[in-house]
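> Sequence:
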Amino acid sequence: MSVDIFGDVIYWTKTAIVAAGVLASGVQHACDSGSDTRAPQTPTSTPTANTNPCDAVELRTAARSAGGPDKWAGVIDQDAPWGVLDSLWNHRSALAHGQLSPVSPNAMTEDIGDIAVLQDEGDLFRALNPYDLLDLGLRFTPNDSGGYDVARTSSAAFRSPLGDRVTLGDDDTSSLAMGFTFPFFGESHSSLFINSDGNLTFEEGDNASTPRNVSRLLSGPPRLSPFLADLDPSVSGGVFAATLADRTTVTWCRVPGFGMSATTTVQASLLTDGVVEMAFDKGIELFDAIVGVSPGRTGTFHAVDLSQAEANTGSTGAIGERFSRESELDIVAVAQKFFQTHPDAYDQIIIFGNQPLVFGGAFAYETTVANSIQGLGQPTFPVSPEFRSQELSSIVVMGWLDKYSEDLAEKIVGENTTMGVLAHEVGHRWLAFFEFSDVDRQRSTALLGRANAHWSFFFDSDASVMEGNDIEDKGGGMFETVAAVERYSALDQYAMGLRRDTEVPAFFYVESPTNVIPVEINTSAPQVGVTFNGTRRDIVIQDVIDIEGPRFPSVDTSEKVHRQAFIYIVSPDTEADAAEVAKLDRIRSQFETFFDTATDGLMRAETRLRPST
1 MSVDIFGDVI YWTKTAIVAA GVLASGVQHA CDSGSDTRAP QTPTSTPTAN
51 TNPCDAVELR TAARSAGGPD KWAGVIDQDA PWGVLDSLWN HRSALAHGQL
101 SPVSPNAMTE DIGDIAVLQD EGDLFRALNP YDLLDLGLRF TPNDSGGYDV
151 ARTSSAAFRS PLGDRVTLGD DDTSSLAMGF TFPFFGESHS SLFINSDGNL
201 TFEEGDNAST PRNVSRLLSG PPRLSPFLAD LDPSVSGGVF AATLADRTTV
251 TWCRVPGFGM SATTTVQASL LTDGVVEMAF DKGIELFDAI VGVSPGRTGT
301 FHAVDLSQAE ANTGSTGAIG ERFSRESELD IVAVAQKFFQ THPDAYDQII
351 IFGNQPLVFG GAFAYETTVA NSIQGLGQPT FPVSPEFRSQ ELSSIVVMGW
401 LDKYSEDLAE KIVGENTTMG VLAHEVGHRW LAFFEFSDVD RQRSTALLGR
451 ANAHWSFFFD SDASVMEGND IEDKGGGMFE TVAAVERYSA LDQYAMGLRR
501 DTEVPAFFYV ESPTNVIPVE INTSAPQVGV TFNGTRRDIV IQDVIDIEGP
551 RFPSVDTSEK VHRQAFIYIV SPDTEADAAE VAKLDRIRSQ FETFFDTATD
601 GLMRAETRLR PST
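The sequence shown begins at 1 in my numbering and counts up by one.
FYI, nobody ran anything at the bench for these hints, they're computed from the structure. Every value quoted in this text rests on a predicted model; they were computed, and no experiment measured them. It is possible that part of the hints are untrue.
[Stated by the list, open to error] No farther apart than 30 Å at their CA atoms in a straight line, the calculated lysine-lysine pairs in the DSSO-like style are these: (1) K583 / K560; (2) K474 / K403; (3) K282 / K403; (4) K560 / K411; (5) K411 / K282.
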């Protein structure tokens, strides 16, 4: 099944417009064309079936991966741009492979007051897709369309020698020069980047900590992924690379998942004629991953069952499979079911449930499904018709209602109350993505923290719900965090279209922090009472505008009422508990008041399903 995420729409990336294979912007991604003019050699060596060279080398061992400060302590989400690509592809793939039932025209929905109750009838959760490539091999072959076809081989065939050990940390990358020019999706490359997270990229490395999902495969650089997952080779196992005249081979030998003892062993071989071979060990213990190849910066993914692939014809887009051990909420299906019985009048839908809805280390998450606002540091793109709405721009998944408190003062995750978590996820519709022109007039991400979608721990965000902290400058290069998660700051409100640029006072971040007590890093969640030293760097809003451009629509014409629908999902064959629905309704009502205060009365959250005025 081939999917073009946005149809014939030209879509924006932060640094380029991608259309018909053409990149055009102030930042150009140069194709890594090699200068080697030798004719490609036909690969002559063949792998030895069922022989894994990792068994013959000494590898480091560790009981459990744990690199540095806890990566996820107090973390609300791992939201990053282009999550909608993941949502749309997962929805389409699940329907095509029978892992999700289509939403019935007679779907079971009910409004209880201002809460929309949706019954799961096998149409709201995608079935798990277990990893099934143990002791198998794959061969990706260039096709006449400029893309790739894939076929399964009968058993894992690892190539020798392993080559040299590549030293990689957690979320790390290393460049490697190949001894030939490798053709990949119509482009030629003489070097590649080996990324710790089980994949290879061209043109640029990938050391991001953002979710290892389909959107990362599609929207990033050209990539081949024998096992795209959160791996940590800094603790145990090893990564090896061999460059020969007829091939380049990279092997991840018993590399553990981050924070886990379970490991994976996979190999990718790049042959001079553009063929990509992958081998998967029979002892793989990790089962959540993406396997495939992608031209990068694409909206097209050909989803296949790789374990059954005999001669799958791909297209010019990506081709592969996503494996997951969890049954996951399908937000596209939720939107479809909701809009069958409700008007197309909502900017954002907010989803709770009577069971866990959020997995993968996050507490809650937001997906921006459309964006027409310029100057946010986000791409602009239309809503897909599959959401059955032309007004919807954002979906928030809060998850299991039981984990939330009605006590407005009770902290439920890190420094966040229930209102703090909800305001945080709602705020991801606009925030936090600003880059700026630094003191050297260079583009900088120093304001940003986790996934480049939250404020940095060392940014004085005035206790923004979008993270960062309220930082007190104590003089002499000494600082302390004194408040967190209280409001939308003036900078936040500018992004939301509520303030003019002239109404945003100067702000600052702390550069090169030292003596951080207790230990925190720029991606850490907010925490009050942390002290540190560093250099104060003051910024004005024009520094942001110089990079992102002015916000459009401006405050003069931007929306000041944010229409939201609160949805409660109940399990199959169960009824909505009246007490639980009443609890959610109180949270909904509390949020209107909180949002009004957090925005200084400049924006109103309208959470009634059918307001009379």
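> Against this structure, judge whether each hint is valid.
Quick rundown of the hints versus the structure:
With a C-alpha separation of about 27 Å, the suggested pairing of K583 with K560 holds against the 30 Å cut-off. For a cut-off of 30 Å, the pair hint linking K474 to K403 is broken: about 37 Å separates their Cα positions. At roughly 39 Å between alpha-carbon atoms, K282 and K403 are farther apart than 30 Å, so this suggested pair is violated. Distance hint between K560 and K411 is fulfilled; the C-alpha atoms sit about 29 Å from each other, no more than 30 Å.
As the CA atoms of K411 and K282 are separated by approximately 45 Å, the hinted pair breaks the 30 Å bound.
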